[in-house]
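Chemist: Chain by chain, the residues run as shown.
2 protein chains.
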Amino acid sequence: MEYKLIDGKATATAIKAEIAEEVKAIMAAGGKQPHLAAVLVGHDGGSETYVKNKVLACEQCGFKSTLIRYEDDVTEEELLACVDRLNKDEDVDGYIMQLPLPKHIDEQKVIMAVDYRKDVDGFHPINVGRMAIGLPCFISATPYGILTLLRHYNIPTSGKKCVILGRSNIVGKPMASLMMQKCYGDATVTVCHSRSVTLKEECREADIVIAAIGIPEFVTADMVKEGAVVIDVGTTRVKDETRKSGFRLSGDVKFDEVAPKCSYITPVPGGVGPMTICSLMKNTLAAGKKEYYK
Amino acid sequence: MEYKLIDGKATATAIKAEIAEEVKAIMAAGGKQPHLAAVLVGHDGGSETYVKNKVLACEQCGFKSTLIRYEDDVTEEELLACVDRLNKDEDVDGYIMQLPLPKHIDEQKVIMAVDYRKDVDGFHPINVGRMAIGLPCFISATPYGILTLLRHYNIPTSGKKCVILGRSNIVGKPMASLMMQKCYGDATVTVCHSRSVTLKEECREADIVIAAIGIPEFVTADMVKEGAVVIDVGTTRVKDETRKSGFRLSGDVKFDEVAPKCSYITPVPGGVGPMTICSLMKNTLAAGKKEYYK
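Residue numbers (the numbering used here), protein chains in the order written: chain A, 516 to 809; chain B, 516 to 809.
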């Protein structure tokens, strides 16, 4: 089958250009420049890259961005004081705490302290709950990005069987919540995970497979039906001596053998990744415009 | 197949007796009697019955209960003022707004105004979100009751295929959220609804079917596999001239033909219904003990 590659990078670039146009118009009309702040703790390679890309995306969108750095030995009190300052700072429209945080910090406690009206990551329980109920809110970036991709490529989802691999709080669960809702995916949704006995059978029947388990090349050709749409959320760093960096990013899908069976498939990198950051930009713009909350 | 009837009424009675014992012990130790308040607007027959049963259950559990009534023409402002009083009333541990509210009232606005620490129905976005993430919270009563039944009857759920029919905010969605989580159902979860093309096929493969669509006798024998567990959440009033009341309650499952194929099945009435109220009692006890929130 001739598969079509879903180009997340190009889609994200187009959307960021649209956002930049809107920001120009807002500022030309005397409005405020959207401002995203990011808090980065420590020097984890992945986190450094993500935050760098977020700052870059802010530039592309015409946003103001602020990066706040702490060392690994920051105390919970210091971080909570930082959250409090960001909550009160009227110039900051939205901000993110780059996860994961060091183990001595209670991650949930920090997330709960974030003002949900500035929670552009959509991790606060109020945003999670409002999304589940179908109320306006910040939708967490990766699921939102995937939904945007599906729409951008006019891939029908209503009534289709969508199988989600993984039940994490930042991808699997919110993705399921979005895909089942009438106003979003409107699909028949199945969530599989490490304990699922019938995982392979579920995948084989799926019109859409969204893989978010973080196991390189887990989805093989025998698990995908002819004509399926496959979305690969995995980005595991795999050792690769041939690369300068010493590693490459591997998706959850064995691309070379799965792609020929698909109608649409995302590559890794260049698929879901750029869309995640793009969604964060959409959320920041919405925060600046006070679209969901006053 | 010899099916086993899941007796929700007996299970609820046993749990309420346990709660009554605990309340006695709390009060003997000088603790406070748990206090549930209910707000009832208008004279809808179903709502009247539910609230009457809730008040009765409070008596059985040794709780204090207060019923606050309004006529159909109550204004949103009056209801919000009532919510504010209940939020501030230190003697009230938890309270419920019996739904549905009249059409001129913004239901979500009222639910949002309820202090989430007293939201024993588990309808507030904070509780919905915390449940999705796996944090301690008030779990909405019907899904919580179904999970309690499955555990009470030692029905294995981990890794099993559970199909949920319906995606309502009070049953389908929170049920899916509970059933997929490691710490609760740990099952492979599929949510089907009116738009699902493969609804029948999904049901036929399910180890557990939870029907919550409100269409009398929708689930027929050809949709259920041999040995399945069937949970019927439906309680539609169907005209019945032979009854004094003029109606009978009909479930979503065609019981007579489905039951012989099941390992376990709930009847209607006497299955999920009594467990819903029982869960509300469990939540009220937890609220009184400040188990989830200070």
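Just so you know, these hints were derived from the structure itself, not from any lab. Values in this document were obtained by computation on a predicted structure and should not be read as measured data. There could be a bad hint or two in this list.
A pair counts as met if it fits within one copy or between any two copies, since identical chains are not told apart.
Claimed, not checked - The calculated DSS-like cross-link candidates involving lysine-lysine, where the alpha carbons are at most 30 Å apart (straight line), are:
#1 603 - 809
#2 715 - 697
#3 697 - 618
#4 805 - 539
#5 579 - 776
#6 624 - 809
#7 715 - 603
#8 809 - 740
#9 547 - 769
#10 524 - 618
#11 579 - 715
#12 759 - 805
#13 539 - 697
#14 805 - 715
#15 805 - 618
#16 776 - 618
#17 769 - 579
#18 769 - 804
#19 776 - 539
#20 697 - 740
Chemist: Each hint needs a verdict: does it hold in this structure or not?
Modeler: To see whether the hints hold, each was checked on the structure:
no. : hint      : verdict
1   : 603 - 809 : both (14 Å within a copy, 25 Å between copies)
2   : 715 - 697 : both (27 Å within a copy, 19 Å between copies)
3   : 697 - 618 : between (39 Å within a copy, 21 Å between copies)
4   : 805 - 539 : within (17 Å within a copy, 50 Å between copies)
5   : 579 - 776 : neither (43 Å within a copy, 63 Å between copies)
6   : 624 - 809 : both (24 Å within a copy, 14 Å between copies)
7   : 715 - 603 : neither (49 Å within a copy, 52 Å between copies)
8   : 809 - 740 : neither (46 Å within a copy, 51 Å between copies)
9   : 547 - 769 : neither (45 Å within a copy, 60 Å between copies)
10  : 524 - 618 : neither (33 Å within a copy, 46 Å between copies)
11  : 579 - 715 : neither (46 Å within a copy, 52 Å between copies)
12  : 759 - 805 : neither (44 Å within a copy, 56 Å between copies)
13  : 539 - 697 : neither (34 Å within a copy, 47 Å between copies)
14  : 805 - 715 : neither (43 Å within a copy, 43 Å between copies)
15  : 805 - 618 : between (34 Å within a copy, 28 Å between copies)
16  : 776 - 618 : neither (42 Å within a copy, 50 Å between copies)
17  : 769 - 579 : neither (39 Å within a copy, 60 Å between copies)
18  : 769 - 804 : neither (41 Å within a copy, 51 Å between copies)
19  : 776 - 539 : neither (43 Å within a copy, 65 Å between copies)
20  : 697 - 740 : both (25 Å within a copy, 28 Å between copies)
In terms of the numbered hints stated before, the structure departs from hints 5, 7, 8, 9, 10, 11, 12, 13, 14, 16, 17, 18 and 19, listed from lowest to highest.
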